[in-house]
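2 protein chains.
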Amino acid sequence: MSDKPIGVFDSGLGGLTVVRELFGTMPGENIVYLGDSARVPYGIKSLETVRKFAMEDAKFLLQFDPKVLVVACNTASAAAIDTLTKISPVPVVDVIRPSSQAAIDATDRPIGVIATEATVRSGAYQTAVAKLDPSREILAVACPLLVPIVEEGRPTDDPIVTHVLCDYLRDLQRMRPGALILGCTHYPLLEKAIGKLMGPETQLISSGAAAAVEVKKIVAQSGTANGDTKTGTLCCYTTDNPERFAELGQRFGGRKISSVKHVGTDELENLQQNT
Amino acid sequence: MSDKPIGVFDSGLGGLTVVRELFGTMPGENIVYLGDSARVPYGIKSLETVRKFAMEDAKFLLQFDPKVLVVACNTASAAAIDTLTKISPVPVVDVIRPSSQAAIDATDRPIGVIATEATVRSGAYQTAVAKLDPSREILAVACPLLVPIVEEGRPTDDPIVTHVLCDYLRDLQRMRPGALILGCTHYPLLEKAIGKLMGPETQLISSGAAAAVEVKKIVAQSGTANGDTKTGTLCCYTTDNPERFAELGQRFGGRKISSVKHVGTDELENLQQNT
Chain A
-3 MSDKPIGVFD
7 SGLGGLTVVR
17 ELFGTMPGEN
27 IVYLGDSARV
37 PYGIKSLETV
47 RKFAMEDAKF
57 LLQFDPKVLV
67 VACNTASAAA
77 IDTLTKISPV
87 PVVDVIRPSS
97 QAAIDATDRP
107 IGVIATEATV
117 RSGAYQTAVA
127 KLDPSREILA
137 VACPLLVPIV
147 EEGRPTDDPI
157 VTHVLCDYLR
167 DLQRMRPGAL
177 ILGCTHYPLL
187 EKAIGKLMGP
197 ETQLISSGAA
207 AAVEVKKIVA
217 QSGTANGDTK
227 TGTLCCYTTD
237 NPERFAELGQ
247 RFGGRKISSV
257 KHVGTDELEN
267 LQQNT
Chain B
-3 MSDKPIGVFD
7 SGLGGLTVVR
17 ELFGTMPGEN
27 IVYLGDSARV
37 PYGIKSLETV
47 RKFAMEDAKF
57 LLQFDPKVLV
67 VACNTASAAA
77 IDTLTKISPV
87 PVVDVIRPSS
97 QAAIDATDRP
107 IGVIATEATV
117 RSGAYQTAVA
127 KLDPSREILA
137 VACPLLVPIV
147 EEGRPTDDPI
157 VTHVLCDYLR
167 DLQRMRPGAL
177 ILGCTHYPLL
187 EKAIGKLMGP
197 ETQLISSGAA
207 AAVEVKKIVA
217 QSGTANGDTK
227 TGTLCCYTTD
237 NPERFAELGQ
247 RFGGRKISSV
257 KHVGTDELEN
267 LQQNT
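These protein sequence lines are chains A and B, in that order.
Using the numbering used here, you'd call the opening residue of the first sequence number -3 and step up by one each time.
Using the numbering used here, you'd call the opening residue of the second sequence number -3 and step up by one each time.
Hints listed in this document are in silico derivations from the structure and should not be mistaken for laboratory results.
Some hints here could point you the wrong way.
A pair counts as met if it fits within one copy or between any two copies, since identical chains are not told apart.
Stated by the list, open to error - Pairs of lysine to any residue, SDA-like flavour, derived with a Cα cap of 20 Å:
1. Lys55 x Asp262
2. Lys257 x Gly228
3. Lys257 x Glu44
4. Lys213 x Gly250
5. Lys55 x Gly260
6. Lys55 x Glu263
7. Lys212 x Arg16
8. Lys0 x Thr229
9. Lys192 x Val259
10. Lys226 x Lys257
11. Lys55 x Asn266
12. Lys55 x Ser84
13. Lys212 x Asp61
14. Lys226 x Gly195
15. Lys257 x Leu43
16. Lys252 x Thr220
17. Lys252 x Ile214
18. Lys212 x Gln246
19. Lys257 x Pro238
20. Lys252 x Ala242
21. Lys127 x Asp104
22. Lys257 x Asp163
23. Lys82 x Leu58
24. Lys55 x Glu44
25. Lys82 x Arg47
Small disclaimer: the values here were computed from a predicted structure and weren't measured.
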């Protein structure tokens, strides 16, 4: 038993969908979350820049002596998982490998992925799936407008949302994949609309849900679970405005966010320089 | 006469549309440009964060001993123009006041503004127009999807572009403004589509063009023009990947970008801390 927190970071609010999954499977765990909202999004930036930011985010969370570190951001996972695993004294769970495994377990048919431009460009999903099943057909499609659409708060039945989704999903609809990985933490908020367009033959895999299962396994194996009879706490940090984070974050996390503190990007950069 | 550069900064590539206007009116001037692509966009962030980034960007450019400092980003202008004017030893030109003046000069009818969420939230255009003409009706509409749409490179006649523009411009079409300020450096790339929807009675005001006229006036008044017989140089810095900046920047700047160097966000943060 350990009340040490689970450290979770993301480029902004999106990772709160992963926090929701973590609390869903492990309601007793305490979570420290860092959302780098001042430098969001990561998905349109170069992998080198994302790697640098991810290292800073991880080093910030390691100060809280977490039992596990969760890279909730798909782009950060794609850019930095190897580097993070090397520097971290605790297990690091990304969102790409677990969801690739979940997709392979879910179907024998081809696998689809929708993700940010940087994640698709990195080839991380393609590599992860090929490692698990070299013969599996996979198609990854970059969907740059989905993050801003979710952040704008458009209802999922808004005609613009449907129009944009139809545009991005066209090739995937033709491919008729057995599973479609929602390879960005923002996309679960569009799950209903995506499911409608892909049809019942395609199972949607949320990368956060798959990561939560992996975290639970690690915590159980190491005997550090905090027990499910307690109610875990959520303590958030953001590099942008805390009030705004709390206000918008509720939609992603599915519950009221009461504790949000500010941490400056200069503090993060200093952490990186001094270690 | 002075071959000192004009310093221009923006959150990313968008400010290159302002550079294009500057070269259009002053082909002999040398320009040093900073695009903060690692932390782009500014328009979805809090004004405090944008102010901090803008200060760092300005301090970086002041190292080049510029004759004028141009805040090409509307959001940075909205958040930081007063602070920047205070710290800068050289004149600072923003994009909000000049385009507000240009709109008022262009029409007696109401004025429309389209801009990022942060710019609209700041009320900077509303304040600037009210200062110049307190009785003038003004309507500012936030258009969060337009920056990612431009960055994605969709053609302006793409049905999604039309659909999104119709959605954002609905209230402005009803208002029938005499002038519509394109209050974000990305929007000139959608000028044709916006013009078609607004009709010939609405004059489109590019904030970059108005700023360029202002810069020319300042340079002429101070007798520091570099002469139009020379061909000015463009030296770019970016906080993200230089190759990517050069490749994508061409679309915004309208010409090949041959000199792009990297500057880290840590260097910018250090500048801010040490001065």
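Evaluated hints:
1. In this assembly of identical chains, Lys55 and Asp262 lie within 20 Å of each other by CA distance both inside one copy and across copies; the values are 13 Å within and 15 Å between.
2. For the identical chains of this complex, Lys257 and Gly228 are intra-copy neighbours only, at 18 Å inside a copy versus 47 Å across copies, given an alpha-carbon limit of 20 Å.
3. In the homo-oligomer, the alpha carbons of Lys257 and Glu44 lie at most 20 Å apart only across protomers (15 Å), although the nearest pairing inside one protomer, at 27 Å, exceeds that limit.
4. Proximity of Lys213 to Gly250 under the C-alpha cut-off of 20 Å is found in neither arrangement, the shortest distances being 24 Å within a copy and 54 Å between copies.
5. Taking the closest pair of Cα atoms, Lys55 and Gly260 come within 20 Å of each other both inside a single copy (14 Å) and across two copies (18 Å).
6. With identical chains, the CA atoms of Lys55 and Glu263 are at most 20 Å apart both within one copy (11 Å) and between copies (19 Å).
7. Proximity of Lys212 to Arg16 under the C-alpha cut-off of 20 Å is restricted to the intra-copy arrangement: shortest distance 13 Å within a copy versus 54 Å between copies.
8. In the homo-oligomer, the alpha carbons of Lys0 and Thr229 lie at most 20 Å apart inside one protomer (11 Å), although the nearest pairing across protomers, at 56 Å, exceeds that limit.
9. Taking identical chains as interchangeable, the C-alpha atoms of Lys192 and Val259 are never at most 20 Å apart, the minima being 40 Å within one chain and 45 Å between chains.
10. Neither within a single protomer nor between protomers do Lys226 and Lys257 lie at most 20 Å apart by alpha-carbon distance, with minima of 24 Å and 53 Å respectively.
11. In this homomeric assembly, Lys55 and Asn266 come within 20 Å of each other (Cα to Cα) both inside a single copy, at 10 Å, and across copies, at 19 Å.
12. Taking the shortest Cα distances, Lys55 and Ser84 sit within 20 Å of each other inside one copy (8 Å), while across copies they are farther apart (35 Å).
13. In this assembly of identical chains, Lys212 and Asp61 lie within 20 Å of each other by CA distance solely inside one copy; the values are 18 Å within and 56 Å between copies.
14. Taking the closest pair of Cα atoms, Lys226 and Gly195 never come within 20 Å of each other, the shortest separation being 39 Å inside a single copy and 62 Å across copies.
15. Proximity of Lys257 and Leu43 under a CA criterion of 20 Å is satisfied inter-copy only: 17 Å between copies versus 28 Å inside one chain copy.
16. Taking identical chains as interchangeable, the C-alpha atoms of Lys252 and Thr220 are never at most 20 Å apart, the minima being 27 Å within one chain and 57 Å between chains.
17. For a Cα distance limit of 20 Å, the shortest separation of Lys252 from Ile214 qualifies neither inside one copy, at 28 Å, nor across copies, at 52 Å.
18. Taking identical chains as interchangeable, the C-alpha atoms of Lys212 and Gln246 are never at most 20 Å apart, the minima being 23 Å within one chain and 48 Å between chains.
19. Proximity of Lys257 and Pro238 under a CA criterion of 20 Å is satisfied intra-copy only: 6 Å inside one chain copy versus 34 Å between copies.
20. Within a single copy, Lys252 and Ala242 get their C-alpha atoms as close as 8 Å, which meets the 20 Å cut-off; across copies the closest is 43 Å, which misses it.
21. Only within a single protomer do Lys127 and Asp104 lie at most 20 Å apart by alpha-carbon distance; the minimum there is 15 Å, versus 66 Å between protomers.
22. With identical chains, the CA atoms of Lys257 and Asp163 are never at most 20 Å apart, being 39 Å at best within one copy and 36 Å at best between copies.
23. In the homo-oligomer, the alpha carbons of Lys82 and Leu58 lie at most 20 Å apart inside one protomer (13 Å), although the nearest pairing across protomers, at 39 Å, exceeds that limit.
24. Taking the closest pair of Cα atoms, Lys55 and Glu44 come within 20 Å of each other only inside a single copy of the chain (17 Å); across copies the shortest separation is 24 Å, beyond that limit.
25. Taking the closest pair of Cα atoms, Lys82 and Arg47 come within 20 Å of each other only inside a single copy of the chain (13 Å); across copies the shortest separation is 36 Å, beyond that limit.
Violation of the numbered hints given earlier is confined to hints 4, 9, 10, 14, 16, 17, 18, 22; the remaining hints are satisfied by the structure.
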